[in-house]
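J.: Take a look at the letters that make up each chain.
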Amino acid sequence: MSDEILMEVRRDYVLAKIREGERIDGRRFDEIRPIEIKTGLIKKAEGSAYVKLGNTQVVAGVKMQIGEPFPDTPDQGIIITNAELVPLASPTFEPGPPDENAIELARVVDRGIRHSEAVDLKKLCVEEGSKVWMIFIDIWALDDDGNLMDASALAAISALLNTTVPAERFEVGDDFPLPVRNLPIAITSLVYEDKILVDPCRDELSVGKNTITITTDQDDNIVSIQKSGPFLLREDVFDELLDVSIKKAKEVRRLLAEI
Amino acid sequence: MSDEILMEVRRDYVLAKIREGERIDGRRFDEIRPIEIKTGLIKKAEGSAYVKLGNTQVVAGVKMQIGEPFPDTPDQGIIITNAELVPLASPTFEPGPPDENAIELARVVDRGIRHSEAVDLKKLCVEEGSKVWMIFIDIWALDDDGNLMDASALAAISALLNTTVPAERFEVGDDFPLPVRNLPIAITSLVYEDKILVDPCRDELSVGKNTITITTDQDDNIVSIQKSGPFLLREDVFDELLDVSIKKAKEVRRLLAEI
Amino acid sequence: MSDEILMEVRRDYVLAKIREGERIDGRRFDEIRPIEIKTGLIKKAEGSAYVKLGNTQVVAGVKMQIGEPFPDTPDQGIIITNAELVPLASPTFEPGPPDENAIELARVVDRGIRHSEAVDLKKLCVEEGSKVWMIFIDIWALDDDGNLMDASALAAISALLNTTVPAERFEVGDDFPLPVRNLPIAITSLVYEDKILVDPCRDELSVGKNTITITTDQDDNIVSIQKSGPFLLREDVFDELLDVSIKKAKEVRRLLAEI
Amino acid sequence: MEEIKLIVDGKRLDGRAFDELRPIKIEAGVLNRADGSCYLEMGGNKVVAAVYGPREVHPKHLEDPSKAIIRYRYSMAPFSVEERKRPGPDRRSIEISKVSREALEPVIMKELFPRSAIDIFVEVLQADAGSRTACLNAASVALIDAGIPMRGMVTSVAVAKVEGILVLDPMKEEDNYGEADIPFAFLIRNGKIESITLLQMDGRVTKEELKTALEMAKRGAMQIYQLQREAILKKYIKEEEVME
Amino acid sequence: MEEIKLIVDGKRLDGRAFDELRPIKIEAGVLNRADGSCYLEMGGNKVVAAVYGPREVHPKHLEDPSKAIIRYRYSMAPFSVEERKRPGPDRRSIEISKVSREALEPVIMKELFPRSAIDIFVEVLQADAGSRTACLNAASVALIDAGIPMRGMVTSVAVAKVEGILVLDPMKEEDNYGEADIPFAFLIRNGKIESITLLQMDGRVTKEELKTALEMAKRGAMQIYQLQREAILKKYIKEEEVME
Amino acid sequence: MEEIKLIVDGKRLDGRAFDELRPIKIEAGVLNRADGSCYLEMGGNKVVAAVYGPREVHPKHLEDPSKAIIRYRYSMAPFSVEERKRPGPDRRSIEISKVSREALEPVIMKELFPRSAIDIFVEVLQADAGSRTACLNAASVALIDAGIPMRGMVTSVAVAKVEGILVLDPMKEEDNYGEADIPFAFLIRNGKIESITLLQMDGRVTKEELKTALEMAKRGAMQIYQLQREAILKKYIKEEEVME
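Chains as they are written, first to last, in this note's numbering: chain A, 24 to 282; chain B, 24 to 282; chain C, 24 to 282; chain D, 16 to 259; chain E, 16 to 259; chain F, 16 to 259.
Isolated chain A, as found in the complex (with noise of 0.2 Å):
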């Protein structure tokens, strides 16, 4: 009862900060909160990266193994990425399989990296029709204030920018670091009436789960979007959500960039 009392109250002092043009946290409405990237901390991967956005951390971890390629695509390396929000980030998180969230999340990721080609999956051909590098990248949850999606987005480029292809354990040749060439970044905003607030954290996420995710390239392509939610989006709100994802994605990247 009191926690929901609690919610409530919490979630009327977010709307009135809104409607006074303000933010709980004192944050701008187009600001993203701090960001922390460590990369390489997890030797058991090929590649690896935890990511600090506000109070949300993650861990993205890259695994290599030699498979199969896709018949329709002989010649190229396969990702394959899977996120699991284990109960340890949230009290909300139940074991178990991915959740439709989890699965919602790990596809969202998965789609800027593949749509923006930040991987040269042509270079992890090992033998044509036969033997392909396969790219696990596992996302994995520590503690969710909000907006796991682009902190989880950062945290697998993040990872895969740090990835070393483990060619010398497979006997193929020699290791060479994994051939990323761009830099996709998912920027998330929650939608309320006419406002956008970019990189929500949990307590603002209390009006409403209602978010658009926006992922784009280096060359302010837009390469993924997901509307997620159950809320209705107008038109003009959709267009500035445009503006202000590519406007910040920006700045994330540059940050990136410096990793």
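Just so you know, these hints were derived from the structure itself, not from any lab. All values reported here derive from a predicted model rather than from experimental measurement.
The following label-pair restraints were derived from C-beta to C-beta distances:
#1 F:Thr221 <-> A:Ile282: 51 to 57 Å
#2 C:Glu117 <-> E:Pro80: 31 to 37 Å
#3 F:Asp29 <-> C:Asp95: 18 to 24 Å
#4 F:Glu98 <-> C:Pro118: 31 to 37 Å
#5 C:Glu117 <-> D:Glu97: 27 to 33 Å
#6 F:Lys26 <-> A:Ile103: 41 to 47 Å
Incomplete in silico selection of chain D near chain B, CB under 7 Å:
#7 Arg106
#8 Glu110
#9 Lys113
#10 Glu117
#11 Glu120
#12 Ile211
#13 Gln215
#14 Asp217
#15 Lys222
Not close to chain A: a few residues of chain E, all C-beta gaps over 10 Å, as computed:
#16 Val23
#17 Lys100
#18 Pro102
#19 Ile252
Ideal Cβ placement from N, Cα and C applies to all residues, glycine included.
We have chain A already, so just place chains B, C, D, E and F on it with the hints.
T.: Then chains B, C, D, E and F, alone, in the frame of chain A:
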């Protein structure tokens, strides 16, 4: 609550009718509801059929691929029959893997096809001991107004009759029609005391889901029997069931021959 | 309700007895219930054994087939141990895949066999690196009157002693007896305060399922220990447990040697 | 594949006459934890049945306010068959469990135990042809051993058609290579077969063969019924002796 | 791999203009058991939608005391695709079910039915490009057929980018080999598009292309909307006739 | 396979003395959502523990009217090991979760929180030998960080036997190629080891070796215990500072 009362009223009405020697929809006790069969509606399938039996609707699709034979029949194709009672078809069906009813349905349909030797499996050997055709029959319930069993069995054999073996796609020769050489017909009857109601509709099944399915081939051999439901079957009723099932199967088989 | 009261009464009785230095069935604290072992009862299995320990009954069956060795032991056979606490054996067992208790049971039995090197796995290599014998030990609980662990371990080693390697059926030479060269014996004790009750029966376990299983080999080495249950173990009790387990195992091993 | 002859000189492979049962052994009350139990051998089948109940229903929502729910679980041990079977129910086990439950349900006086469950678990330790019939026979004895009120005894046996001949209680080869397998179960009350409670057919037979098969099965069932009764009697006498 | 030309002489492979829809066929009320239903063909897609509810929630703990819960299950029959699909939900189906539910949820007046469930089940019998849009269109009609109060109609269509050109309602080849696929759904009220209710994008487009795509989708949606209305009207008239 | 020498010139492969621990790093309170948390490194292990509770029990029927239920979930990230591990619990994880829960349960004052749950989740981000001991040490700190009343600290360390010699806190090679692995956990109260709370053994040792191993483990545990205390103190001081 009102649902339960409704069900009770309906059951009482059905019982009253039965006692008067009548059925609620005016059918004779051994009368099958109108049957509609359409084949070839699913272009992606090797064969398909839609069956409407009264208001009960079912689709069956046949997909084929090449696989390994069973060790004890190295020169024969393989039939795999699956049925899904998807929640679209009835308020009582739940999402999830097939339950005991769906499994029983699939296995009884399968036995009818298998023991009537409806498909000439020896003609489906590509390479003895290593490559044979696998026939996947998938039964998809659309609308359960009673006796999904007979509708499914009819959809399955109709879909087989409609099947072209996709040899060209698998690069093992020219396409050819699936060699079907027998027409098993399942006849399900509701048993209530000493009465036999052939092809029961849903409302009739409210008196108890106590049925017998007898499948016969075109020479009036019995190729499958399944007593289904927690009831005691009198021997004299069983004798009568055999006669009526053989007789009604002939009727349905004539219909099938026309498509 | 009455069930709970019954359980309470039983527990109080067990405790009262323990305080008087007695056990409810008149056994000494370190006395094992009567043991009955029958082997070879399952003709379809390569080896089998039925064990009755007091009223606790278990069957273990051994099946063998040829498979690939583990990469790090290319010249050794493989043991896979599985236990099912089927609902037939106790009102508290549920249908479904093995739960933590069944898994623990199987793993502790497995460790006893593995670390005593009971089976000479090097003699189970058919073709180094590609073909070795796989030994499936399946433990099937029939009646749980307490201490399924020791009954299962005893059934497993008895079934192994009874096993003939089915080389002829797999066309890799002549059948031969499974090379068993050590006899691990598991001794489980209930720990209640500073008291040790060897081979606890179900009624005794009503005071708390706080047990230690110590498995020893024929040279009195300890090959497996498992503290099981949420309790604090005093160091002096642990010392005593080691002594009693080694002593009791000798007794059981003598019995096993006779079959 | 070489042709297998199942009938040689008018006899079956194991020397039995066409209407002869395999050896049967039944023992009631073999388990301590279960409310009722039975060990049964029928040919190469070795099965154990346990009955728990009437007891509380879990999960609660399955409860029926007007009668006991009946559950039946047919399960095979991995080592019960030639090639190790993966544990857990497969499609075949699920179907057998369903028809077996439906065979027993009308015989159990479940209306006496509203809001409760009667659970019947049968484990096949060694499998041979006719394991579902062996399990039903064992379950029936276990139910009586558990003191569950029944309208009679359920007794089960199969008939097969091999090389055109109907044979009672088929063995493995007859089941595998025969033309049809017809498992029956009957309700037997006051020493008389009253009705059919399980009936399946897998193969190809004529109507006349089916009727003959039914008669053959009935005669076989009556013999098994006597053994079921004896097993219960023996357990009862033993208990009487213990009490004296 | 050989190069596939998707645009030849300013036309699409199936001869359509860039802003032309595939043939659509809609029939409401095709199922007897469901409270509302719809059969819909859209290009090669053949889908059936059923709506059950408002009805009791199972399991109970999912109940919401203030409104109905909405559930949506997108499912593909094994024979609906070239290579047999294993039955049961895969990751793609689960994601489609989520975004489709979220597209309908704000349009359904769920606050009118506290503690109840509205279940929407859609079966893809034959799959082509845009199966999620076909399913949403069918679901929307089925909801109205079920008499569920709605704030308007939900209408869905995709736009693809192929060889640099935006095309409406892409066919399979355009979906597979194109540069982007953008499924939309809109809330249409009083004959006017009011807002976007589903939006995904899979591919690579510029901001400007996206805006153009949106306009193209809106025009397409209005055409589909008319067909949805007609299907409902036809069912309604039929019922009227029956009643007279 | 080539022989691996694990002890060279009286030293271990990583240069440690026989009774020397691997480097340990502990930080309490690293997570925002959890009620208590801890990050811990122990050799190559990198683990995070979170504690939630006391909180409501789901599903309800697991509730205990007299005390809190304790749940413990040991989980490994797919990238934590050399060969990618499939997500989800395997048999090893399930056993570790069980014995770890049983190690903590008697130390938690669960009788203070009837009808509630205390959930302990531990994620292994990078795995090395002794991950279960690292997790228990982290869980213990997380429990205290969550303010759960405890009878003392639980501290865990393993001893291995390699080439006939007992070594404290084994590294991977010692674990893989050694003769025995013996994980211990102790209840430490008022700076003194009071009892054993986890004990397993996997390998082959004599009774005397086991007793020596226990002494070695106790000395190692006391060192870890100091680091656990320091981590809690540090977090406490930090909070104090924030509050001033």
